[in-house]
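With chain A held as given, fit chain H with the ligands onto it using these hints.
Below are the chains, spelled out letter by letter.
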Amino acid sequence: MAEDKKELAPELKEKLKAEFDQDWRKEQRKSVPAKERMKLARQKMPERPAGVRNKDFQEVNIGLTPEMAQVEARRCLDCANPQCVTGCPVSIDIPSFVKLIEKGEFLAAAWKLKETNSLPAICGRVCPQESQCEEVCTMKKASGVPVAIGNLERFASDFERLSGSLKIPPLPPPSGKKAAVIGAGPAGLTVAGDLAKLGHEVTIFEALHEAGGVLIYGIPEFRLPKAILKAEVDYLKRLGVTVRTSFVVGLTATIDDLRNEGYEAFFVGSGAGLPNFMKIPGENLVGVYSANEYLTRVNLMRAYDFPAYDTPVFKARTAAVIGGGNVAMDSVRTAKRLGAERAVIVYRRSRAEMPARTEEIHHAEEEGIEFQLLTTPIRYLGDEHGRVRAMECQKMGLGEPDASGRRRPVPIEGSEYTMDVDLVVCAIGQSPNPLIPQTTPGLKMGKWGNVEVDWTTMATSLPGVYAGGDIVRGGATVILAMGDARIAAAQMDKYLRR
Amino acid sequence: MPKILTRERLVPNLHLLEVHAPEVAGKCRPGQFVIVMPDEKGERIPLSIADWDVERGSVTAVFLVVGTTTRKLAALKAGDEIPVFVGPLGRPSEIAAFGTVVLVAGCFGIGALWPAARALKAAGNRVIALIDAKADYLVYWKDRYRSVCDRVLFSSRDYALGSKEFVPGPLERLLEAEAPVARVIAVGCTYLMYASAQATRPLGVKTVVSLNPIMVDGTGMCGACRCTAEGKTKFACVDGPDFDGHHVDWDELFMRRKSYFDDETRSLCRYEETEFP
Ligand SMILES: Cc1cc2nc3c(=O)[nH]c(=O)nc-3n(C[C@H](O)[C@H](O)[C@H](O)COP(=O)(O)OP(=O)(O)OC[C@H]3O[C@@H](n4cnc5c(N)ncnc54)[C@H](O)[C@@H]3O)c2cc1C
Ligand SMILES: Cc1cc2nc3c(=O)[nH]c(=O)nc-3n(C[C@H](O)[C@H](O)[C@H](O)COP(=O)(O)OP(=O)(O)OC[C@H]3O[C@@H](n4cnc5c(N)ncnc54)[C@H](O)[C@@H]3O)c2cc1C
Ligand code: SF4
Ligand code: SF4
Ligand code: FES
Numbered sequence: 001m002a003e004d005k006k007e008l009a010p011e012l013k014e015k016l017k018a019e020f021d022q023d024w025r026k027e028q029r030k031s032v033p034a035k036e037r038m039k040l041a042r043q044k045m046p047e048r049p050a051g052v053r054n055k056d057f058q059e060v061n062i063g064l065t066p067e068m069a070q071v072e073a074r075r076c077l078d079c080a081n082p083q084c085v086t087g088c089p090v091s092i093d094i095p096s097f098v099k100l101i102e103k104g105e106f107l108a109a110a111w112k113l114k115e116t117n118s119l120p121a122i123c124g125r126v127c128p129q130e131s132q133c134e135e136v137c138t139m140k141k142a143s144g145v146p147v148a149i150g151n152l153e154r155f156a157s158d159f160e161r162l163s164g165s166l167k168i169p170p171l172p173p174p175s176g177k178k179a180a181v182i183g184a185g186p187a188g189l190t191v192a193g194d195l196a197k198l199g200h201e202v203t204i205f206e207a208l209h210e211a212g213g214v215l216i217y218g219i220p221e222f223r224l225p226k227a228i229l230k231a232e233v234d235y236l237k238r239l240g241v242t243v244r245t246s247f248v249v250g251l252t253a254t255i256d257d258l259r260n261e262g263y264e265a266f267f268v269g270s271g272a273g274l275p276n277f278m279k280i281p282g283e284n285l286v287g288v289y290s291a292n293e294y295l296t297r298v299n300l301m302r303a304y305d306f307p308a309y310d311t312p313v314f315k316a317r318t319a320a321v322i323g324g325g326n327v328a329m330d331s332v333r334t335a336k337r338l339g340a341e342r343a344v345i346v347y348r349r350s351r352a353e354m355p356a357r358t359e360e361i362h363h364a365e366e367e368g369i370e371f372q373l374l375t376t377p378i379r380y381l382g383d384e385h386g387r388v389r390a391m392e393c394q395k396m397g398l399g400e401p402d403a404s405g406r407r408r409p410v411p412i413e414g415s416e417y418t419m420d421v422d423l424v425v426c427a428i429g430q431s432p433n434p435l436i437p438q439t440t441p442g443l444k445m446g447k448w449g450n451v452e453v454d455w456t457t458m459a460t461s462l463p464g465v466y467a468g469g470d471i472v473r474g475g476a477t478v479i480l481a482m483g484d485a486r487i488a489a490a491q492m493d494k495y496l497r498r
Numbered sequence: 001m002p003k004i005l006t007r008e009r010l011v012p013n014l015h016l017l018e019v020h021a022p023e024v025a026g027k028c029r030p031g032q033f034v035i036v037m038p039d040e041k042g043e044r045i046p047l048s049i050a051d052w053d054v055e056r057g058s059v060t061a062v063f064l065v066v067g068t069t070t071r072k073l074a075a076l077k078a079g080d081e082i083p084v085f086v087g088p089l090g091r092p093s094e095i096a097a098f099g100t101v102v103l104v105a106g107c108f109g110i111g112a113l114w115p116a117a118r119a120l121k122a123a124g125n126r127v128i129a130l131i132d133a134k135a136d137y138l139v140y141w142k143d144r145y146r147s148v149c150d151r152v153l154f155s156s157r158d159y160a161l162g163s164k165e166f167v168p169g170p171l172e173r174l175l176e177a178e179a180p181v182a183r184v185i186a187v188g189c190t191y192l193m194y195a196s197a198q199a200t201r202p203l204g205v206k207t208v209v210s211l212n213p214i215m216v217d218g219t220g221m222c223g224a225c226r227c228t229a230e231g232k233t234k235f236a237c238v239d240g241p242d243f244d245g246h247h248v249d250w251d252e253l254f255m256r257r258k259s260y261f262d263d264e265t266r267s268l269c270r271y272e273e274t275e276f277p
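Residue numbers (the working numbering), protein chains in the order written: chain A, 1 to 498; chain H, 1 to 277.
With the rest of the complex left out, here is chain A (with noise of 0.2 Å):
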């Protein structure tokens, strides 16, 4: 797997330098000292109510208002030497947008931000910014509470949005290149994205109805709305990118088809789409659903909407969802808001080891999630028309460090006990998707069946294709994604102008 880089490439450094030295900025450092920064108070994102938003699917947090962005972006020190910068897998600059946010500038900053990251408004929403950019900004070493980065990520490109100035850069003339991107995940619009602002001619390949992965099937309303993502795509659309959805690649057309209709450079953003099982006896059991499918039927197909959308979801008096990642975190707070009495998490670690979002996990605590930790499932029970009605569970202790340098659980013998389910969804963590390997010969994969690349360039074992995002990394995250698009999208550009 890639190595995060902490240390600034330097040409980046020069580039943050000449901004840093701009007269404005040095003028409004000075205006305020940093001791009064530091004074003041990080701003709360402002949230629906836990009780009623647990009903519906409307967004969760509201939004910064202009002036709460403002004082937050006062807190930031703008570093001379930003460390929240090399927390960024896509090295935002971060101090100058935000203080074009301080300064009142919202449109410039939301500019400032689309020059690294084509997906701000999503990335400010679902970045795990506590573990990345917030994580090691000054601010948190210098007052406990850093800067909300992510937070005025979002405010500054929702204004943009909002305020229907969407900029299209100019375009250069065309190349008279043909890319194909294969998935419109955020790996895949990214390409899209930078391809089409080199003049390259580009259309995307998606295997689902509407674009954006999973970002449209995945992750929920309530933490991403569907608008936001619609904007993104029609950005992209009139950049000039054609999306050709319903068109599985390897199935209605493979690779080698597509080089033979004249595209010459190809970037496979497929994701990590086949779901885990456990293997126990009774996953098969009516009411035992994949994180996937239970999710792609609420979100993609919209079945909190049925009848009135034609896809059925069940909704259970009790939930039980198997995992401790974002994606259980997705389904047990979407089966509170379909109905459910009770929605469980069931997790084989502690709350120290939970991968989800701290967010997330706090969200889901607020909106009355209840949390069986150190527990597994070791088989489910059915009743007589196959439909599952409770769950065995054992519960599990911490043992040695594993390779992943979590503590390993281990299994407590004859604590055993049952639980009564009648839904079960599992979030156990996604495979590459093998469609794209199993028809392209000479694709090289890796032992997980991922496409292996060359960290660098992000180009697989063929000429001309590149790959990104989960299919290469398993699953990972939305800006990792992104990083993995930018790098191989400015290899594609050398490429195609070889």
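It is worth saying that the hints were derived from the structure and are not from the lab.
From the three backbone atoms N, C-alpha and C, an ideal C-beta is built for every residue, glycine too.
Honestly, I wouldn't trust all of these hints.
Claimed, not checked - Below 27 Å or equal to it, Euclidean Cα-Cα: the simulated DSSO-like pairs (lysine-lysine) are:
hint, chain 1, residue 1, chain 2, residue 2
1, H, Lys41, A, Lys230
2, H, Lys27, A, Lys178
3, H, Lys77, H, Lys27
4, A, Lys35, A, Lys103
As the list claims (entries may be wrong) - With the Cβ distance kept under 8 Å, some of the chain H side facing chain A (calculated, not the full set):
hint, residue
5, Val24
6, Arg157
7, Asp217
Chain H with the ligands alone, transformed into the frame defined by chain A:
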């Protein structure tokens, strides 16, 4: 959006849908299916590919009207557009020179098995079709089958087609008369496939069935289509839909197919009430 070229009633309750989808048409193989969504609020449902025409750029499916989605499809006309017609999905059926092959087709399976019948004949097999229908007037594409099959037989619940029997009896007699039969391929409702596999099991004749669990994406992403075959959990959309019928957990399949019975009934009532107030 893909445009409908033909939508006609073949026999009561069974309809033909021909859609303009040139890329799909160029890739079809026998045994594959498409996923169709009738309108923006609709459900994604799988339908087997019953025919294709590369020149016309069209793909044909035959469907039985059972619930909301298939009713919506039956209400569409030539010239209408549908939001989703994606494919070809699933692994193609195995086509080779096996020797004598018996095809058991019923309901929409008469359409779904047609590409295999044609391909098996072209591959040099002796092809025998056993077509099952409740009554004579429910059989379509007789001429098509007669044009490629060495023998075409019928089983039905009336005497119009000569016998008054469900598939197992006629199939057993056929296997005896035509021995050795290299394989049986059964496509149609779950019960027909199950009954065919039960009939051939004691005779040890390999029997391929095309499983029809509930699906969502059809590309291996959701696991809705889980079936147990050869003792392992398989995703019918990417590992199948063809499986060896002697090694399928039929009880599980019947059970999983009934998952949404209550919701489907609700959906259908709502549809009927809004369409025919
Ligand atoms: C429920 C859930 C919640 C998450 N929450 C967060 C979060 O809060 N923060 C965060 O940073 N990350 C989160 N993640 C992870 C994050 O969404 C992924 O890491 C990211 O989406 C990966 O992007 P991608 O572009 O590589 O792939 P994906 O988003 O998976 O997109 C791949 C796309 O390719 C399409 N495709 C696949 N095969 C083919 C083919 N053969 N032909 C055509 N198209 C194809 C798929 O249909 C899909 O649309 C979450 C994931 C899930 C499932
Ligand atoms: C690989 C495959 C190929 C198929 N080929 C054909 C075909 O060629 N012609 C044909 O008429 N039918 C075919 N089917 C079955 C067809 O998909 C269902 O009849 C259809 O989904 C019913 O939808 P409905 O809304 O009209 O009925 P509903 O009222 O929703 O359902 C009626 C029954 O259909 C089944 N079903 C419901 N939703 C789905 C779904 N999303 N996916 C699969 N099954 C479902 C269930 O068993 C249900 O009880 C195929 C199924 C599969 C898996
Ligand atoms: S993209 Fe993510 S890590 Fe980078 S600045 Fe934004 S929130 Fe922080
Ligand atoms: S490290 Fe924190 S305080 Fe310093 S520039 Fe970055 S956001 Fe501002
Ligand atoms: S239908 Fe989703 S995995 Fe088969």
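Do the hints match the structure? See the list:
Between Lys41 of chain H and Lys230 of chain A the alpha-carbon distance is near 17 Å, which keeps this suggested pair within the 27 Å criterion. Between Lys27 of chain H and Lys178 of chain A the alpha-carbon distance is near 23 Å, which keeps this suggested pair within the 27 Å criterion. Taking the CA atoms of Lys77 of chain H and Lys27 of chain H, the gap is about 25 Å. The hint holds against a cut of 27 Å. Restraint check for Lys35 of chain A and Lys103 of chain A: the C-alpha separation of about 19 Å stays at or below 27 Å, so the hint holds.
The criterion of a C-beta within 8 Å of any C-beta in chain A is met by Val24 of chain H, whose closest approach is roughly 6 Å, and the hint holds. Checking Arg157 of chain H against chain A: minimum C-beta separation of about 28 Å lies over 8 Å; hint violated. At its closest, the beta carbon of Asp217 of chain H sits 7 Å from a beta carbon of chain A; the interface hint therefore holds under the 8 Å criterion.
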